[in-house]
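Number of protein chains: 2
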Amino acid sequence: MHWICPFFAKASYRSRHLPVRLCILRAFSSHLPNQVIEDVINRPSSQLGTATEKGNVIIKTAKGTRDFSPKQMVIREKIFSTIISCFKRHGAATIDTPVFERKDLLFDHYGEESKLVYELKDQAGELLCLRYDLTVPFARYLAMNKVSHFKRYHIAKVYRRESPSLATGRYREFCQCDFDIAGQYDPMIPDAECLKVMHEILSALQFGDFLIKINERRILNGIFTICGVPSTKFETACCTLDKLGKVTWKEVKNEMVEEDGISPDAVDRIGEYVQLHGGICLIEKLLQDPKLSQSKLAIEGLEDMKLLFEYLTLFGIIDQVTMDLSLARGLNYYTGVIFEAVLQRQPSDAKESLRIGSVAAGGRYDGLVAKFDPKGKKVPCVGVSIGVERIFSILERNAEMSKEKIRATETEVLVAAAQQNFLAERIKLISELWGAGIKAEMLYKKNPKLLNQLQYCEKHGIPLVLIIGEEEQKDGVVKLRDVSSRKEIIVPKENFIEEIKKRLER
Amino acid sequence: MHWICPFFAKASYRSRHLPVRLCILRAFSSHLPNQVIEDVINRPSSQLGTATEKGNVIIKTAKGTRDFSPKQMVIREKIFSTIISCFKRHGAATIDTPVFERKDLLFDHYGEESKLVYELKDQAGELLCLRYDLTVPFARYLAMNKVSHFKRYHIAKVYRRESPSLATGRYREFCQCDFDIAGQYDPMIPDAECLKVMHEILSALQFGDFLIKINERRILNGIFTICGVPSTKFETACCTLDKLGKVTWKEVKNEMVEEDGISPDAVDRIGEYVQLHGGICLIEKLLQDPKLSQSKLAIEGLEDMKLLFEYLTLFGIIDQVTMDLSLARGLNYYTGVIFEAVLQRQPSDAKESLRIGSVAAGGRYDGLVAKFDPKGKKVPCVGVSIGVERIFSILERNAEMSKEKIRATETEVLVAAAQQNFLAERIKLISELWGAGIKAEMLYKKNPKLLNQLQYCEKHGIPLVLIIGEEEQKDGVVKLRDVSSRKEIIVPKENFIEEIKKRLER
Numbered sequence: 013m014h015w016i017c018p019f020f021a022k023a024s025y026r027s028r029h030l031p032v033r034l035c036i037l038r039a040f041s042s043h044l045p046n047q048v049i050e051d052v053i054n055r056p057s058s059q060l061g062t063a064t065e066k067g068n069v070i071i072k073t074a075k076g077t078r079d080f081s082p083k084q085m086v087i088r089e090k091i092f093s094t095i096i097s098c099f100k101r102h103g104a105a106t107i108d109t110p111v112f113e114r115k116d117l118l119f120d121h122y123g124e125e126s127k128l129v130y131e132l133k134d135q136a137g138e139l140l141c142l143r144y145d146l147t148v149p150f151a152r153y154l155a156m157n158k159v160s161h162f163k164r165y166h167i168a169k170v171y172r173r174e175s176p177s178l179a180t181g182r183y184r185e186f187c188q189c190d191f192d193i194a195g196q197y198d199p200m201i202p203d204a205e206c207l208k209v210m211h212e213i214l215s216a217l218q219f220g221d222f223l224i225k226i227n228e229r230r231i232l233n234g235i236f237t238i239c240g241v242p243s244t245k246f247e248t249a250c251c252t253l254d255k256l257g258k259v260t261w262k263e264v265k266n267e268m269v270e271e272d273g274i275s276p277d278a279v280d281r282i283g284e285y286v287q288l289h290g291g292i293c294l295i296e297k298l299l300q301d302p303k304l305s306q307s308k309l310a311i312e313g314l315e316d317m318k319l320l321f322e323y324l325t326l327f328g329i330i331d332q333v334t335m336d337l338s339l340a341r342g343l344n345y346y347t348g349v350i351f352e353a354v355l356q357r358q359p360s361d362a363k364e365s366l367r368i369g370s371v372a373a374g375g376r377y378d379g380l381v382a383k384f385d386p387k388g389k390k391v392p393c394v395g396v397s398i399g400v401e402r403i404f405s406i407l408e409r410n411a412e413m414s415k416e417k418i419r420a421t422e423t424e425v426l427v428a429a430a431q432q433n434f435l436a437e438r439i440k441l442i443s444e445l446w447g448a449g450i451k452a453e454m455l456y457k458k459n460p461k462l463l464n465q466l467q468y469c470e471k472h473g474i475p476l477v478l479i480i481g482e483e484e485q486k487d488g489v490v491k492l493r494d495v496s497s498r499k500e501i502i503v504p505k506e507n508f509i510e511e512i513k514k515r516l517e518r
Numbered sequence: 013m014h015w016i017c018p019f020f021a022k023a024s025y026r027s028r029h030l031p032v033r034l035c036i037l038r039a040f041s042s043h044l045p046n047q048v049i050e051d052v053i054n055r056p057s058s059q060l061g062t063a064t065e066k067g068n069v070i071i072k073t074a075k076g077t078r079d080f081s082p083k084q085m086v087i088r089e090k091i092f093s094t095i096i097s098c099f100k101r102h103g104a105a106t107i108d109t110p111v112f113e114r115k116d117l118l119f120d121h122y123g124e125e126s127k128l129v130y131e132l133k134d135q136a137g138e139l140l141c142l143r144y145d146l147t148v149p150f151a152r153y154l155a156m157n158k159v160s161h162f163k164r165y166h167i168a169k170v171y172r173r174e175s176p177s178l179a180t181g182r183y184r185e186f187c188q189c190d191f192d193i194a195g196q197y198d199p200m201i202p203d204a205e206c207l208k209v210m211h212e213i214l215s216a217l218q219f220g221d222f223l224i225k226i227n228e229r230r231i232l233n234g235i236f237t238i239c240g241v242p243s244t245k246f247e248t249a250c251c252t253l254d255k256l257g258k259v260t261w262k263e264v265k266n267e268m269v270e271e272d273g274i275s276p277d278a279v280d281r282i283g284e285y286v287q288l289h290g291g292i293c294l295i296e297k298l299l300q301d302p303k304l305s306q307s308k309l310a311i312e313g314l315e316d317m318k319l320l321f322e323y324l325t326l327f328g329i330i331d332q333v334t335m336d337l338s339l340a341r342g343l344n345y346y347t348g349v350i351f352e353a354v355l356q357r358q359p360s361d362a363k364e365s366l367r368i369g370s371v372a373a374g375g376r377y378d379g380l381v382a383k384f385d386p387k388g389k390k391v392p393c394v395g396v397s398i399g400v401e402r403i404f405s406i407l408e409r410n411a412e413m414s415k416e417k418i419r420a421t422e423t424e425v426l427v428a429a430a431q432q433n434f435l436a437e438r439i440k441l442i443s444e445l446w447g448a449g450i451k452a453e454m455l456y457k458k459n460p461k462l463l464n465q466l467q468y469c470e471k472h473g474i475p476l477v478l479i480i481g482e483e484e485q486k487d488g489v490v491k492l493r494d495v496s497s498r499k500e501i502i503v504p505k506e507n508f509i510e511e512i513k514k515r516l517e518r
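Residue numbers (our numbering), protein chains in the order written: chain E, 13 to 518; chain P, 13 to 518.
Same shape as in the complex, but just chain E (with noise of 0.2 Å):
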């Protein structure tokens, strides 16, 4: 099924709130028959990764999970730095905390998801989970710590016992990028820099052109209740809503009236305006409707759109912005505004003009600290998560498709001897480099040859080497070789350490 999607062949980024499914079927729905889309979400789960066997034991890695090799993890620490050296331009400051949480404190927040909690055996009594985001973590740390406001970013792993499957690229474990602003402050000043910090990452991520949909969640419950949705129902309306854009609003109408057991008429007036999407207009054209403005909630939440808006026109983003209201997210925490951010199109890849799923996503949840405070004491927050596996993906195959060689090691100096017997001259050269902070390296030989270590460094991209051999031993110099050119100098042994310094600097 390789045609269907290529880039997420080994992708497994879920948006940070939304059931994977969803998010899958957003990426696949513009280009897909439904048939497909079920075959793809039904079929059941494929073990991904390579595995040998030995004896009756399979050696692999656990269902839905992989290894990094090292020329991966140079692309993924390429997008870590990147994604870190933007939180801390934003001021933020990291924590850390325990990959897995008790269980009555995750288990409430996940609503329906709660079923992909991966479980811990019982220790003594204790009832653990692994972590299934980093949300729930950072509202606990607030609670328990008492920290009223913090600016925080937390890259780590989270998992989600989902059927892994190679087509969508479906993992177990992954890795989320998020940030988020604690704090009662004034409306939608952190909201709108969460938004600013997603769009500084995507950009300097070089993968292609995005869109950030925006929506706000007073507006759709505001949408529901004038339209004659029962209270009680508006987290499945929402659920089945965010699947509006993937699968068509007739299917969406259907499975509110059927499964949802709304009725057609509050469906059909949810249509009309749920559907709509656009800018600053659109805000100002629904805080005219006279259906709508009878909702509080609703005026409120397109007040602070309104006030977003403008923030992001100042942050210089709005131009790839769209209000959307069909955008619903998943989860039960959010309160106020939500956003995603979708790929376009593929810049490298420009025949497939798929639309890519979300990669970057977050929103703003006003209640969830006081969950965990004894006194239930609120503290807003706002954040993004960045859907780094989605982009690795990406940026991965982007490196295949251009053959850029990727080097796993960064050595800049190989330590050669050109003779046998010159082991303890390397090990003391090779020193003196180390202790210069020099990176270098020497083959694990008594006596390599010449041409092994040469050919060495060609293979793993080593700049230089350092030979030393018995003409140099006798007139106590050493010899640097470029590798690229050939060429080779003869340095005094005082001062190799100060040329390699100055060639490195070039």
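Worth flagging that the hints you see were computed from the coordinates, not collected in a lab.
Treat the hints with care, since some could be wrong.
It does not matter which identical chain is used: a pair holds within one copy or between any two.
[Unchecked claim] Here are the computed lysine to aspartate or glutamate pairs in the EDC-like style, where the Cα-Cα straight-line distance is at most 16 Å:
#1 389 - 378
#2 457 - 316
#3 245 - 271
#4 100 - 422
#5 491 - 437
#6 458 - 322
#7 440 - 322
We have chain E already, so just place chain P on it with the hints.
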């Protein structure tokens, strides 16, 4: 019990392959009566970390785990960056492996310690465990990917279901920093580099004097053989022997006779050897030993140790190395040289001249990869693991004692308003700063007071304030204020980025 070992009140390091219990004992042994040691070890597990209560749910981290605050993260990241830069200087590449592995792959390699491995709930027939170290996953990676030569580092958390205790600072989640060299090479060259790496890192972290103890599994086995210990009892004897230094020889002797079932005569003969320690002279003496030289294994081990000591002399680190025949190390997979670094004394706390336990450890394991290879292909390996949690505790305590102010963020400029109604201007200015790569913050208020903005800088150590106000706006300038000197200058709006960059470079 803080008087026992205050710097470990929060430590969580465990040597890579040694039962923690032993490792902790080693730390305390020379200063505490045995009764106290027993108390520490047998005490019921106390909960670590703080906790608050919400309804019936106690808000805390799982037993034996902890969060790290932003300031702790600054110290941790400094440690990691020192360690990573050393690993890279030595030409290592990094990989990543999943946090959990299949139980059948993991369980066989830890001997008695397997009971400390965390198990997950049965995942539809797949039995999984959290990783116990990074060595076994590395061996699995090598075999699965048919890699025969690889110098890799891996920094990640591992999990051990021990009894946590505040007094001993034993945690269930802790970080390991591993550097391993896999491949068939000439003897002792990679082994010597691992020791060099360990020495460079421990020196760079500047937390005090350390001593590297070395032994060889083949020498130990040779000693056991010539002393008449049956080969089936080698492992048990190793474990018991490892306690020497923490308890007296008399106690070790009793345990060997009474618990391990080794004859008193054999134990007496062992005692003559294992209490020896010293340098190259000891190796030479043992090579001449009429009994020991009957063991081919011991002779091989001794010859290799001689070579290793030669290389360590060339690497310039021999002064901090000693051969210690009592060093045994707990885990089964070691086959050759074994080593650990112990802190001698805490310089910032000279009064309490405690002998601190190991801060790094490792050894050669030539048979582990073959256990994962379908054809049993051998890939000899040697590696070192840096005990970053213990090092963190020491450096955290040093920072506390020095009252050094730690900044959790790196913000360089605060964008401030002198009067009301300058939010739009602040947003535009801060966008320019971010666009130029400058780390900047602004308060999330529409109209913050200038005093509050200046106090924010003082509190968070932000060195510069960029101020916009009515007068500046009128003149097309901004004001740049140095927070510590309180000096202000006026800068034309076109130049402020350049001016700030110039100041930050100083």
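Comparing the hints with the structure gives:
| no. | hint | result |
| --- | --- | --- |
| 1 | 389 - 378 | within (11 Å within a copy, 57 Å between copies) |
| 2 | 457 - 316 | between (68 Å within a copy, 15 Å between copies) |
| 3 | 245 - 271 | within (11 Å within a copy, 67 Å between copies) |
| 4 | 100 - 422 | between (25 Å within a copy, 7 Å between copies) |
| 5 | 491 - 437 | within (13 Å within a copy, 59 Å between copies) |
| 6 | 458 - 322 | between (69 Å within a copy, 13 Å between copies) |
| 7 | 440 - 322 | between (64 Å within a copy, 12 Å between copies) |
When held up to the earlier numbered hints, the structure conflicts with none and fits them all.
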